[in-house]
Amino acid sequence: MIFAQTQPFIRWDWIVDHLDEIWERTVEHSVLTGFAVVIGLVVSTALSMIALRFRRTYGPITWTAGILYTIPSIALFAFLVPFTGLSLLTAEIGLVSYTLLILIRNIVAGIDGVPAAVIESARGMGYTDRRLFWRVQVPLALPVIVAGVRIAAVTVVGLVTVTSLIGQGGYGAFILRGLRRTFATEILVGTVMSVVFAVLIDLVLLWLQRRLAPWQRRQARAS
Amino acid sequence: MTAGSADAMIRLVDVTKTYPGSERPAVGGLSLEVGRGEFVTLVGPSGCGKTTILKMINRIIEPTSGEIWVGGVEATEQPAHELRRSIGYVIQQIGLFPHRTIGQNIATVPELLGWDKQRMRARVEEMAELVGLDRSYLDRYPSELSGGQQQRVGVARALAADPPVLLMDEPFGAVDPIVRSRLQTEFLALQAELKKTVVFVTHDIDEAIRMGDRVALLNIGGVLEQFDTPDRILSHPANDFVAGFLGDDRGIKRLSLIRLDSLELPQGPVVDVSDDPAVANRAMDENEWDWVAVLDGKRLLGWVWRHELEGVERVGDAEPHPFRVTVDCRASLREALDAIVNTRNNVGVVLSGDEYRGMLTVDFLTRELH
Numbered sequence: 324m325i326f327a328q329t330q331p332f333i334r335w336d337w338i339v340d341h342l343d344e345i346w347e348r349t350v351e352h353s354v355l356t357g358f359a360v361v362i363g364l365v366v367s368t369a370l371s372m373i374a375l376r377f378r379r380t381y382g383p384i385t386w387t388a389g390i391l392y393t394i395p396s397i398a399l400f401a402f403l404v405p406f407t408g409l410s411l412l413t414a415e416i417g418l419v420s421y422t423l424l425i426l427i428r429n430i431v432a433g434i435d436g437v438p439a440a441v442i443e444s445a446r447g448m449g450y451t452d453r454r455l456f457w458r459v460q461v462p463l464a465l466p467v468i469v470a471g472v473r474i475a476a477v478t479v480v481g482l483v484t485v486t487s488l489i490g491q492g493g494y495g496a497f498i499l500r501g502l503r504r505t506f507a508t509e510i511l512v513g514t515v516m517s518v519v520f521a522v523l524i525d526l527v528l529l530w531l532q533r534r535l536a537p538w539q540r541r542q543a544r545a546s
Numbered sequence: 002m003t004a005g006s007a008d009a010m011i012r013l014v015d016v017t018k019t020y021p022g023s024e025r026p027a028v029g030g031l032s033l034e035v036g037r038g039e040f041v042t043l044v045g046p047s048g049c050g051k052t053t054i055l056k057m058i059n060r061i062i063e064p065t066s067g068e069i070w071v072g073g074v075e076a077t078e079q080p081a082h083e084l085r086r087s088i089g090y091v092i093q094q095i096g097l098f099p100h101r102t103i104g105q106n107i108a109t110v111p112e113l114l115g116w117d118k119q120r121m122r123a124r125v126e127e128m129a130e131l132v133g134l135d136r137s138y139l140d141r142y143p144s145e146l147s148g149g150q151q152q153r154v155g156v157a158r159a160l161a162a163d164p165p166v167l168l169m170d171e172p173f174g175a176v177d178p179i180v181r182s183r184l185q186t187e188f189l190a191l192q193a194e195l196k197k198t199v200v201f202v203t204h205d206i207d208e209a210i211r212m213g214d215r216v217a218l219l220n221i222g223g224v225l226e227q228f229d230t231p232d233r234i235l236s237h238p239a240n241d242f243v244a245g246f247l248g249d250d251r252g253i254k255r256l257s258l259i260r261l262d263s264l265e266l267p268q269g270p271v272v273d274v275s276d277d278p279a280v281a282n283r284a285m286d287e288n289e290w291d292w293v294a295v296l297d298g299k300r301l302l303g304w305v306w307r308h309e310l311e312g313v314e315r316v317g318d319a320e321p322h323p324f325r326v327t328v329d330c331r332a333s334l335r336e337a338l339d340a341i342v343n344t345r346n347n348v349g350v351v352l353s354g355d356e357y358r359g360m361l362t363v364d365f366l367t368r369e370l371h
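Protein chains in written order, with the working numbering: chain Z, 324 to 546; chain A, 2 to 371.
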């Protein structure tokens, strides 16, 4: 500890020496986040379709997703390790399960938010159910769905650091190692990179959200 | 039922609709025919099933029993979505697609029918012009338009594929009274040109009377109390329910049905600019008036007092005063009456453009009502 205090708070030379590892961890963090969000989206879409088709299942589905959401992440990983080991699979199962509640809620809310009059007029003009879904309901729900993806992605970026405990972790590896060695620079690099990464993803998805709903942008400008 | 079966575009035969969980039918055993090119309004209190009836025609709501024929084909003989592509549909909330431009909205049914791009583009522009929508709106989104403009787009969208039948569910119910009145007038002009078979639902008896060639007055449970022309309904209500629904001002309502150009209008004291003042004096004496209207050919110049003609050689030598209140010959008697009570001399001058058509007095209007 005495030794640590005599060092400067941030050792820039350490950062310069570890640029290669920072890049590797960035790739690892992106992969863990990307897989989790994409798989989460696929699973949530499937579950949302079931909830939309059979309304009674919406309660149980969100209830289950809600339970998963409330389990502390460390506990969940600890529970999974005996089954799936210290693996990428363990990490992804945990990460995906945290996206479900947010994504399912937003997908269902997005589809439900399409005005009844729009649906009735589409039907009245001769839209088939399939066309109504893909050409009207989905495009109109997309901004809400992407808003859900933003929250889910930012949540996952933070959670990825926890997976360092099971040998994965992206930037989390820096934080874990820094804590063990009481090395402030490494903790800071892991934390700051994770935050910057989350903000970047959020901005990219925000751009996408606006891009997908040009009509909303013009409305805002008009009013 | 005045329209013969052979000429019926829409035919409901003993149609009943009972909603699940409800004991009494919303519509019970209704039979009704709408002729080709006829404009029928369905009107009645809430719970009379008027919207249910309308929505059974394009199968948004499926009847519990009975038959519905559209254009000589039983509605259930084809898939619902194909039936609907040949029926224009306008609802109160309009339901424009928020994510598609005005042009894309208007092109909805042509697109469903697989028209090619060029034909679609041409049709969209034609429709925009038809409903009085500037072409610059075509690339905007619905949220950028006012309620009245959106409703015009709704009508253009319903008409785009030129369907023979048009179903309208309180289409002008959500706009303010001024815009509503303008949309009604515009739509009547449009209908005079297009001659669609229209079924139009409203809860507003004045609108029903103004718009319909025939009015179907419905009671709770879809009971058809009277189905006749507006004039017949107003002059001969079938029963107390109809009379009650029409209200106490039936006579005044009839006034709004009769248009000036359908009447032989009295000419009143009128002289030409080239006439001798003696002719003018005679005209005034006949009507017991002390002023006379002055024409130049068929064009109305104004009016002059009797004393202003003293000592002039020709009527045209006196400077005529302009009429402050004039009535267009396409106006209703009700509008004419309104104009007359707002003038000092209780006379309404009727014009067609600037061509003189006649002179209206309160006496004349009262006579017309009997």
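Some hints here could point you the wrong way.
From chain A, some residues computed to sit far from chain Z (all C-beta separations above 10 Å) [what the hints assert, rightly or not]:
#1 ILE61
#2 GLU83
#3 ARG86
#4 ASP177
#5 ASP291
#6 GLU320
Which residues of chain A face chain Z? A few of them, derived with a C-beta cut under 8 Å, are [said to hold, decoys possible]:
#7 TYR90
#8 SER147
#9 VAL342
#10 THR344
No lab work stands behind these hints: they were computed from the structure.
Source: prediction; values computed, not measured.
For every residue, glycine included, the Cβ atom is placed at its ideal position computed from N, Cα and C.
Now the hints, each set against the structure:
1. Its closest Cβ contact with chain Z, about 6 Å, brings ILE61/A to no more than 10 Å, contrary to its assignment away from the interface.
2. A beta-carbon of chain Z comes within 10 Å of the beta-carbon of GLU83/A; the shortest separation is about 7 Å.
3. At roughly 4 Å from the closest C-beta of chain Z, the C-beta of ARG86/A falls inside 10 Å, breaking its exclusion from the interface.
4. No beta-carbon of chain Z is positioned within 10 Å of the beta-carbon of ASP177/A; the least distance is around 19 Å.
5. The Cβ of ASP291/A sits about 59 Å from the closest Cβ of chain Z, beyond the 10 Å cut-off, so the non-interface label holds.
6. Annotated as non-interface, GLU320/A keeps its C-beta farther than 10 Å from every C-beta of chain Z; the closest such distance is 52 Å.
7. Nearest Cβ of chain Z to the Cβ of TYR90/A: about 4 Å, under the 8 Å cut. The hint holds.
8. Given hint, SER147/A at the interface with chain Z, is violated; its Cβ is 11 Å from that chain's nearest Cβ, farther than 8 Å.
9. A hinted interface residue such as VAL342/A counts as satisfied when its beta carbon comes closer than 8 Å to some beta carbon of chain Z; here the least separation is about 42 Å, so the hint is violated.
10. At about 44 Å, the closest approach between the beta carbon of THR344/A and any beta carbon in chain Z exceeds 8 Å, and the interface hint on this residue is violated.
In this structure, the earlier hints numbered 1, 2, 3, 8, 9, 10 are contradicted, and the remaining ones agree with it.
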